[in-house]
Amino acid sequence: MTLSEAKKRELLRQMYTIRAFEEKAEQLYAMGKIHGTMHLSIGMEASAVGSIAALRPDDLILSTHRGHGHCIAKGADLRLMMAEFMGKETGYCRGRGGSMHIADVEGGNLGANGVVGGGIPIAVGVGLSLKMQKRDQIILCFFGDGAANLGPFHEALNMAAIWKLPVVFVCENNQYAMSFSVKKAFPIERISDRAAAYGMPGVTVDGNDLMAVYEAVSQAVKRARSGEGPTLIENVTYRWRGHSKSDANRYRTREEIEAWKQKCPIKRFRARLIEEGILTEEEADRIEQEAYAAVDAAVAFAETSPEPALETIEEGVYA
Amino acid sequence: MRELSYAEAIREALRQEMQRDERVFIIGEDVGVYGGAFGVTLGLVEEFGEERVIDTPISELGIAGAITGAALTGMRPVGEIMFMDFTTLAMEQLVNQAAKIRFMFGGKAKVPFVLRTPAGSGTGAAAQHSQSLENWFVHVPGLKVVMPSTPYDAKGLLIASIRDDNPVIFIEHKLLYKVKGPVPEEPYTIPLGTAEVKREGRDLTIIATSIMVQRSLEAAQQLAEEGIEVEVIDPRTLKPLDKEPLIRSVMKTGRVLIVHEACKTGGYGGELAAVIAESEAFDYLDAPIIRLAGRDMPISYNRTLEYHTVPQVENIVQAARDLARGRM
Ligand SMILES: Cc1ncc(C[n+]2csc(CCOP(=O)(O)OP(=O)(O)O)c2C)c(N)n1
Ligand SMILES: [Mg+2]
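One line per chain: the protein sequences are A and B, in this order.
Quick note: the first sequence uses this note's numbering, first residue 1, plus one each step.
Quick note: the second sequence uses this note's numbering, first residue 1001, plus one each step.
Bound conformation, chain A alone (with noise of 0.2 angstroms):
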């Protein structure tokens, strides 16, 4: 579970290009551009990037209102993406679904969900239905600390460990649930814990550790290709942004905010490629700058796509 030179160089490209993408989404929002609501995951990168990076290209999995560094960590195109947001026809879902509801199902990515743990009962289907076709794919699903409290987490944790299902449950604990913080929440500490009750390993990483969330994560992956059934992982981690567009952080401090910018999960992991001569100060600078770059191309695009057309209004209800 080594990770190569170039392999790594891609994963910083990655964290760059979310970092970008959602930077420019707040932009575009504030300019009246995008509509509706949004939840970034701005400081929560190396969750989705690292998880994602111990997958195989042709696994499968859900993600959530959060979800914009999933799609792209799973090799989503930013045109279309951008072109989603904007509620373009040529977005990924036409237009329809937006920010909330991306789904990149030719890529392997079952869509964010607006429902907090709407995904996790589907993990358990698609995860039957992958070992019913002996099929050799498995599905991680991400899901945040708040869905951990919903009951159909409980169901779907147990369905997936009695039937030994090659899901892995990744749980992104950010500390809160809009206003409600995982203290007040939880009685317990970590969230990981409750795989004990599925019979399940459960593993709470430092989910602003590239390399450690892809190490937990590539176990999981193992156990779960090989039929040894699920495992549940809690990715520790902290948004840096409000929960949604609606939010005027009553419920926090700014000091608290500050802290957990000194944890970048970006500098981080530059840092350590630098540390071990696999970069140089210039080629991260480059890398950074390409990920804005392809950002503000995937802007042009959607920027000039037209609009779903009002003649296709009821289209896509059934198949």
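These aren't lab readings, by the way, just hints derived from the structure by calculation.
Be aware that one or more of the hints could be misleading.
[Claimed, not checked] Here are the computed lysine-lysine pairs in the DSS-like style, where the Cα-Cα straight-line distance is at most 25 angstroms:
#: 1; chain 1: A; residue 1: Lys-267; chain 2: A; residue 2: Lys-7
#: 2; chain 1: A; residue 1: Lys-261; chain 2: A; residue 2: Lys-183
#: 3; chain 1: A; residue 1: Lys-245; chain 2: B; residue 2: Lys-1178
#: 4; chain 1: A; residue 1: Lys-33; chain 2: B; residue 2: Lys-1178
#: 5; chain 1: A; residue 1: Lys-263; chain 2: A; residue 2: Lys-183
#: 6; chain 1: A; residue 1: Lys-222; chain 2: A; residue 2: Lys-131
#: 7; chain 1: A; residue 1: Lys-134; chain 2: A; residue 2: Lys-222
#: 8; chain 1: B; residue 1: Lys-1198; chain 2: B; residue 2: Lys-1264
#: 9; chain 1: B; residue 1: Lys-1180; chain 2: A; residue 2: Lys-245
Once you've looked at the hints, dock chain B with the ligands against the given chain A.
Using the frame of chain A, we list chain B with the ligands on its own:
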């Protein structure tokens, strides 16, 4: 009279009832410091403390169960589900338990709670944050279903709902939260099961719910300039339904247009149409009963598609004009 927004009117009703009756408390996701997703409960935790304004984990079924159990044993909880779409997760406790406990127990128990939840589209939040699922609840005996369309009604109906001894589903509309209107400062109630004529007219009756009342009033204003006098009636509570004013109005005008946001098929409009068709107003109808409702499809993220998925003022004007001029 003093003006308040719809959200402020709801907050004032909550505050006054919590001051009046210490059994009343609020429970839901982010209802405390965050003030709820739409800021409706802002400031209440500061005033009443965390014991009476309770933040919960993301556990909709748990919230429904908590208000059911608390109501069963002497409290008068007001639960909040952040978006109506997520009442789907709470259905078991609401439909099988809360709604039926009184009847099943031979009338020896009661479940006096209110479950507040915002419905409706128009915010660009797409298919899972925009639904109008009121008819799911209308179909369940034992539940009352309230849908206010103005700040005045919101306050009076909420106070009445809190004082009611039954489980009440109180459905707010996101786009109405900022709408202002006159609201008396003192507490008052609007009895559940009283419709109101919001505008009088002789040519045509529009029966509308929630935000469609506002849109119908705007349409009526425009039609008045063309010489078409529209009567607009708001049932205000879908269950129990105050049938008489609707029937009387249709007997007067001979034409009725029913307008709601929820999908047409299986929507409340079918019930309203049947109530009129079954009544003495049937003989007075000069034209078929017409329903104008949401398309039978999910709400899109794209703004234009979203806009054209549910009735807008211009659609109401068109439908009412056609009906009044006998083109339908
Ligand atoms: C079932 C459900 N309840 C409530 C909401 C409203 N909501 C959206 S995101 C969110 C918080 C989710 O917290 P968490 O799972 O920790 O994910 P995070 O937002 O922190 O990434 C809430 C309450 C929802 N979308 N779905
Ligand atoms: Mg969280």
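Here's how the hints hold up against the structure:
About 17 angstroms separates the Cα atoms of Lys-267(A) and Lys-7(A), which keeps this hinted pair within 25 angstroms; it holds. Pair hint Lys-261(A) plus Lys-183(A) holds up; C-alpha atoms about 20 angstroms apart against a cutoff of 25 angstroms. In summary, the hint linking Lys-245(A) to Lys-1178(B) is supported, as the alpha carbons are separated by about 17 angstroms, within the 25 angstroms threshold. For the hint pairing Lys-33(A) with Lys-1178(B), the CA-to-CA distance comes to about 23 angstroms; that is within 25 angstroms, so the pair holds.
For the proposed pair Lys-263(A) and Lys-183(A), the alpha carbon gap of about 20 angstroms is at most 25 angstroms, so the pair holds. At most 25 angstroms may separate the alpha-carbon atoms for a hinted pair to count; Lys-222(A) and Lys-131(A) meet this at roughly 15 angstroms. Distance restraint check for Lys-134(A) and Lys-222(A): the Cα-Cα separation of roughly 16 angstroms lies within the 25 angstroms cut-off, and the hinted pair is therefore satisfied. Of the pairs offered as hints, the one joining Lys-1198(B) and Lys-1264(B) holds, with about 23 angstroms between alpha carbons and a cut-off of 25 angstroms not exceeded.
Using a Cα cut-off of 25 angstroms, the hinted pair Lys-1180(B) and Lys-245(A) holds, with the two alpha carbons roughly 23 angstroms apart.
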